[in-house]
Structures are given as structure tokens and as C-alpha cells.
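Required output: the full structure, derived from the provided sequences and hints.
Residue numbers (this note's numbering), protein chains in the order written: chain A, 1 to 207; chain B, 1 to 207.
Hints are not guaranteed to be accurate.
Pairs count within a copy or across copies, as identical chains cannot be separated in the list.
[What the hints assert, rightly or not] Below 25 Å or equal to it, Euclidean Cα-Cα: the simulated BS3-like pairs (lysine-lysine) are:
1. 196 x 116
2. 54 x 77
3. 196 x 54
4. 196 x 143
5. 196 x 77
6. 54 x 126
7. 14 x 54
8. 116 x 146
9. 116 x 126
10. 116 x 38
11. 14 x 143
12. 196 x 146
13. 116 x 137
14. 116 x 96
15. 137 x 96
16. 116 x 54
17. 77 x 96
18. 137 x 54
19. 54 x 96
20. 38 x 126
Calculated from the structure, these hints are not laboratory results.
Number of protein chains: 2
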Amino acid sequence: MTELRSQSDNTPAKILEAAYSLFSTQGYAGTSMRQIAKQSGFALGSIYNHFASKEDIFVAIIHERHPLVQLFPWFAKIEATTMDEFARIGASGMVKELETNPEFLNLLLIEMIEFKGKHAGSLLSKVQPDIVALSAKFNNFGKQIKPISPVLLIRVFVGTLISYFFTEMLLSDYINPEIKSNSLDTFIDVFLNGIKNDSNFRYTEGK
Amino acid sequence: MTELRSQSDNTPAKILEAAYSLFSTQGYAGTSMRQIAKQSGFALGSIYNHFASKEDIFVAIIHERHPLVQLFPWFAKIEATTMDEFARIGASGMVKELETNPEFLNLLLIEMIEFKGKHAGSLLSKVQPDIVALSAKFNNFGKQIKPISPVLLIRVFVGTLISYFFTEMLLSDYINPEIKSNSLDTFIDVFLNGIKNDSNFRYTEGK
DNA sequence: CCTACCGATCGGTAGG
DNA sequence: CCTACCGATCGGTAGG
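In C-alpha cells, the structure reads:
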């Protein structure tokens, strides 16, 4: 039964695709329902047969395309035996994603600013199993890593990627390319070196 | 002559103050000229005696309040003899700023999304002297630090602060406070440890 | 500096 | 699924 789907079931998907593209390049308030109608190929009134409101469309989009929702399941599936390996695979995967879709992170920024992050809790709950799996994986990497709680470690890792792409956006088409080249490697190197266990570190060896 | 200013010269400042508050909490497209008029205490028509357009107001605001414009001159003035000292002073100063004004970073995000970063170049030019001064300072910190170009080092440092506050916003009022406490210290520790010179690092010792 | 207005566009709906 | 419409609000201006 559920496998049988008529072509018209594509309508919501088409609407979401058009809305995603518009929201992520123009923001939420900067996008009108008429633009969504035009880009999806339907009349304005038709959209309201599938979604109750403009915000309803946005909510549907972030639940399937918000960076948190996309990244954590993917991170959790990475097969790596060391933090070094994990970080480099994770970083290069995110690079590939952003080459395909440079607006990938915008949904997160837009939700944060225009909705004051009010959906963050529900999105984080959604990926909590993946966060748990990721924590377990990090724990297995063992004593090569400083005694930082796994959740905080995830936060610093994700923060490293965010800070790279963020400053990349900030500098894009302004700073000369030489400075930009290979800088992701530097970000990752600093992260890996920074969490490496060594005698000089001032954290005590608890837990 | 220029010292003599009547009270009415406060009008533009009042308009900018109201607009800053509204833009940074609601975004650019999400804020109307009528809201700016109301919050500044002037009639809608009066605003156009001081600013040609809504975008004109936004441009004036970012030129005096964009995080880049605020932070770089301040960073350049920090008196520190080691990177460790610099990073901790810089981080605690930014914490204080964000406690006073939690929306401090929003202007950067809004410009990035709603204007696609089109003012970034002009803002970076404005603070270029401070970037140069900061680079010189970092060079003086000498061989305790890995051979990373000063500009890239600034980028990683700023990125570290951004990644902390960014993930802080993302997690705010969701994650339990224990995980959040002292996490800025961890971010800074990872950064400092990450850029520390040691024999294991894979960069070659050029310039 | 304000009142009153402009045409355009907004999110959303009725009715078929 | 579309046409035609609703009241509200938009950025901006004329005229005083």
C-alpha cells in the first residue's frame, strides 16, 4: 500500500525543494509564498493544499535538511579507528557536501537568527541516538585523547568545521587564494594536536 | 565649528540605535521601517530626512558595529607577551561583550545571509591596519608557535571564538548546564595546545 | 519633523 | 489544482 504512490505525491517534495532553495539563499522573511509558488511550478493557492502556512514549510524543511540532521547520522556511520582518521574523513565529507551545495549551512544560520533557534531542541532530540553513538566511538579512541567529555569533544570538532567554513564564507572572494589554500588542513591539524594527550596539559586525569 | 552640535544631531544616532536593536533580533527583511520609526520615537517620514533608504541604515550600522569592526581594533590593542596570554584575554573580553549584548554576533550572520556577504570586503579593508598590527604581534610570540602564517593564525583564533559562541547559541536552553560550564576554557586549551610547537607536528619548518 | 498618502506586495482564503 | 480576491503591511514620498 505505502509503496504505491501516484505522481501527484511529488507535489509536496517539489514545493519543499523550491522553498529550500529560496530560503537558503534569501532567508525566511526575504522569501515570499509567491516566489515559492512560481519556482515550484504551482499556483499560490495550491501550496496551501499541502502546507498550512509558510512556517509549516520551513519546519518541514529543517526536519529533513538542517545541517545537524544531515551531519550527525553521517558522522555516526564513519568507520575510523583513530580520532585522526575520523576527523579527516569527517572534514573531507563536509567539504564535498559544501562543494555540491555551498548554502548547506545557511539553514542553520537562518533558523538561529530568524527563529531564534526555537527548533534546535527538537532537532537535537532527533539526532540524539547518533550523538550517543558518536560519543561511544570517541570513547573507544581511548587514551590518545585528552580527558574531555565525549559530548564536549563532539562540540569542539563540529565547532572546528563550522569555524573553517564560517571564516571561509567571510573571506570568500576577498582574500587572495594563497591564504585560503590548504587552510582546512591547518584547522584540522590544530584540532587534532589540540586534543592530543600530552604531559603538559593542565586537565587532571579524571573519568 | 564642528564642536558645536545641537541636540537634534542625536536623531541619526537614535534611529541607528533603534534599527540596530531590531535588525539584530529580527533580521533585516524581518524588520520594517515602521518598527524603526516607532522604536526610535520619530515618524516614518522623518527617518528619510537622515537616511536615504532602509539599506542605507543597515550599511551605516555595520560600519560602526559589525563584529569585525569592533573586534579587530580591540584585539590589536591587547597587551600580551605570549599567545597563551593573548588568547585568554581575547576570549574573556569577548565573553564580557556577549554577556552585555548577546546579539553581538547576529549582525555578522545577517549580513552574511541576507546580503550574501557583499559588505565583507569593505569591512575587512577598514580593519586591515589592525590585522597587520595583530600579525606583527603574533610574529613576536616566536617559536613557541607552529609555523603558521599570521593571517591564518588570526583566522583560526577568531574561528575558535566563533565556534564556541556558535555552538553555545545552538545548545542554549537545551543542553544541561554542566556540559556548558567551563567549555570555553576547553576550546581555548585545545586551540593553544593545537598551535603549540612540538616535534610531532607534520608541517615543515619553513619561515 | 509629521500627516497622509502612493503603488506594490505580503500571507492567506473562498469557491469552484 | 487554479483564479480571483481579502485586509494588512511593505518601502518610500509629497507637501507642508
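Enumerate the violated hints, using their earlier numbering and listing them in ascending order. 1, 2, 3, 8, 11, 13, 18, 19 and 20
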